[in-house]
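Student: Chains as they are written, first to last, in the numbering used here: chain R, 87 to 181; chain P, 16 to 500.
Since the hints were derived computationally from the structure, they do not count as laboratory data. Positions of the beta carbon are idealized from the N, C-alpha and C atoms, including for glycine. It is possible that some hints are incorrect.
Heads up, incomplete: computed chain R residues facing chain P, CB under 7 Å, no partners named [stated by the list, open to error]:
1) W123
2) A136
3) S139
4) L144
5) W148
6) V153
7) T154
8) V159
9) V162
10) K178
11) V179
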Amino acid sequence: MSLDKATVRRIATLARIEVPDADLGTVAEQLSGIMGWIEQLKEVNTDNVAPMSGGTDLKLPWRKDEVTDGDKVDQVLANAPDGHDGFFTVPKVVE
Amino acid sequence: MSYILKGETGDWEVVIGLEVHAQVISKAKLFSGASADFGAGPNEHVSFIDAGMPGMLPVINERCVEQAVRTGLGLKAQINKRSVFARKNYFYADLPQGYQISQYDQPIVGEGTLVLDLADGSTRAIGIERLHLEQDAGKSIHDMHGTKSFIDLNRAGVALMEIVSKPDLRSPEEVGAYLKKMRSILRYLGTCDGNMEEGSMRCDANVSVRPVGATELRTRCEIKNVNSVRFVMQAVEYEARRHVDVYESGGKIDQETRLYDSNKGETRTMRSKEMAHDYRYFPDPDLQPLEFDDAFVESIRKTLPELPDDKKARFISAYGLSAYDADVLVSERENGEFFEVVAKGRDAKQAANWVNTNLFAVLNKKGLSIAESPVSAANLGRLLDLIADNTISGRQAKELFEAMVETGKDADVLVSELGLKQMTDTSAIEAAVDQVLAANTEKVEQFRAGKEQVLGWFVGQVMKATQGKANPATCSDLLRKKLAS
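Only chain P is shown next, with the shape it has when bound in the complex (with noise of 0.2 Å):
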């Protein structure tokens, strides 16, 4: 199912490559002793390190390289044991050393691999080339002055991983899925919460197009720091056509750094040229290159959770979830857990079923998380026990749900309170079938007389009679035992 772009000259395809910026979820900074969490007031989680003071000598967080080498290790990367720390120099306000300390050639985690889960159940393998440890830069504010930009470094120093995909990314669907895969992957192990809108997860995407069957690869443009995985699918979307027009008017696309603009839906150049960056790498002679050893590794690699891949095999292999189910379980770690629970010794399916169709419909239309649904995984699993073993109905079971969403209270306790046990007294149901045929004789004939759906009346008849509580089942039993006597 490729997604090929028609020109008046002939079929484009669209090549992706992404660098995402992950905020590293540590205590302290990247290189200082100071906060690095999110909402304080104004410059009060910065050292004299984070604001660029002469003299200041940064130290790095072992948290920090712990991350780093456990988000390489979740992306199945190349772990490297030596990594570089470089200046990259650049001049703007929010970046007080005049260079921000990042990695070039040497970066800590090498190639990895990325798994796309797409919408038609397929898979795809994506390249990362690299992931490597930076340092944030701080917040301007431009709003708050008419002359004059406001700067807090808050955020000046906190650790990122960029991480960087190879051009393997052919539409914007793959972007969403690969962004979601991402955030995924970082949220299981707990290296990065992904929040997006928040901006703890950043993205760029650098964008080319070529002709169906070419291989070379044309000059790309790149779309800076989007910030929701909708808009860096519109952002992708937009600029492939604007490549696609451009080439066919016959003109040529700059190498630039572009802006997306979600409001008019579409991108715009950001940098003029002459102010193109020459970034001046060199090895940051502050710090001496970060070594460990495989013990280092080994023990982070102990720790890692199950991640989603293998989460997505388990549930396919051991509960026979169908590959949908399964992503949607497995994307967060939470709803895994909490599927689990309810699965455990139950039909999995069933389980499934109810949690990603009736539980996700509930917390979606009220917007809360998994952590805070009014049924607990433990009350859905007694939902489907009092299915299984015929105290209610399929009908009771979603009437009973709806009960325990408003209610909060156990299925047992409200199954009393409502009254909505299904009649297992078959003496008692079988009255009802009798009061209801002697009832309808005309029916009776006609059923006898060939008119099958004649059957389904009946038990909706009985049904009624009995305030919902009788088993469809049974009824249908006794209905047909009773008409063919």
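Same shape as in the complex, but just chain R (with noise of 0.2 Å):
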């Protein structure tokens, strides 16, 4: 499968990385490069065989419905370059 420069200018815009027009076409290439082995896989029969979710046996664990976290507006905050009386704050998004 191989990957053309307007799809990877998608990819790029909703994984929200910069990718110049310049170099559209080498991560093209690289990116249909990496497509390649991927659809190696595609040579295993899996007919009849149920997707599988994890490479262990693990069953999903549950919790019991209690309060045993929160409370901490510090430390959530502690990486927000612009903490404001509790808040995150982000450059104004208006719809």
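From the two separate chains plus the hints, produce the assembled complex.
Tutor: Here it is, written out as structure tokens:
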């Protein structure tokens, strides 16, 4: 499977990664190479094999409905570049 | 009684599907131990999981699973003993993980049914497509700063049930009935408080139109997050009309997300097309499939309350109520419980009438819930007893009820305080009758000459003479007897 520049541009936008137009060709080639490796998996016959959800036999652990966390605004905001009065802030986003 | 939009080219029908987002009642969030309560200071109910910190792992809250299953059972739906959590990827400031943990092609609850109770007393079954569990997002606050949006993540990670209907709804009225019924069922089950104004229940509507008789579905528009039943109904009505106008003027409808502006009463485009979402769903590698056994489902089924449809059927068959009276009484669990206390051992239709008409009028006027009623169920029942044993007349009952509302005192206490006792002493009434007849010989002649309606006037006079304490039926009987002799 080969990715064209337009597809790479779209993936980059969705992933919020800036890719200069000059680099699109190279990135498309590299990603297509990765896709090529993944395509090799299609050679395995998986008819009648249920999709796996992981490589282990672990069961989903459940928790009790109890409040055991929270009340740590300072820690939650410790890495926020511009916290205000307990809030995170971001450049204004209004729809 | 179908809802048809008249157009230049013919008649159109509207096709609506609803997505209800219902906040699950639980102490903690869906995947973290932070409190799910509303109303704390900014970011106080936030764990590192909710804040999307690297390396944190979600662990599912068993209560939220139970609540989803419970809701599924209440909607008579297929319960899937194995379901899968998936990541729904999108970029927004109040979604710190960069994805919402949701369910995609394998939800916890499959197809079910919800029965609409329509204004004309008829019912109609609407298909439920699915119910899945997902995380709520945080809140963005845009009006606290000139150039910044403030983000509070207290709501981020609270469990939501997204309940999707089939495109079975055909009118704004049905949309209203669907949302009211959904709220009623969720509240009976105790799985969501159903408060649309406070946002614990939210609704998106998918609307399209088609010529009457057509079977294919046309392009739909999604109207997001409308915060009251009335506004959803208005938004659907507006949007359907817009579609008809666009088609009839030769245009085409683009599939898009729209917002309802309740001030202007119109919908408008919310997101431009180039921003169209591509959610790139995939199974969440942090979470194994959610699995449980039949015993788990059955243990929840055993604790289900009697639901509105069953209660309505019972009220109609056991008490002989009309469909309308039954609907009003079962809409809230507390209303039905109140009614049954009043009706116990008494005339049920009369009880329903007093609760639905007199009591609800007072509660609505005072803005009180039935739990705050100044008149208790036992006390209203006492009032009915006093009518039944002829202690008070129907007119006195109204007076007594008003006094009960104002003072909150017991019916019996007020009857003696206000001297409301109906005269049961026939001789006293007879004396009043004699007096009235003697004073109005002219009218007596009129009656004897065949003017029947004079009797009503006589009853009024006797009631007046006894300060309204005489039983009108007794008065009437006595008058007839005396006038005939």
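Student: Output the numbers, in ascending order, of every earlier hint that fails for this structure.
Tutor: The structure breaks hints 1, 2; every other hint is satisfied.
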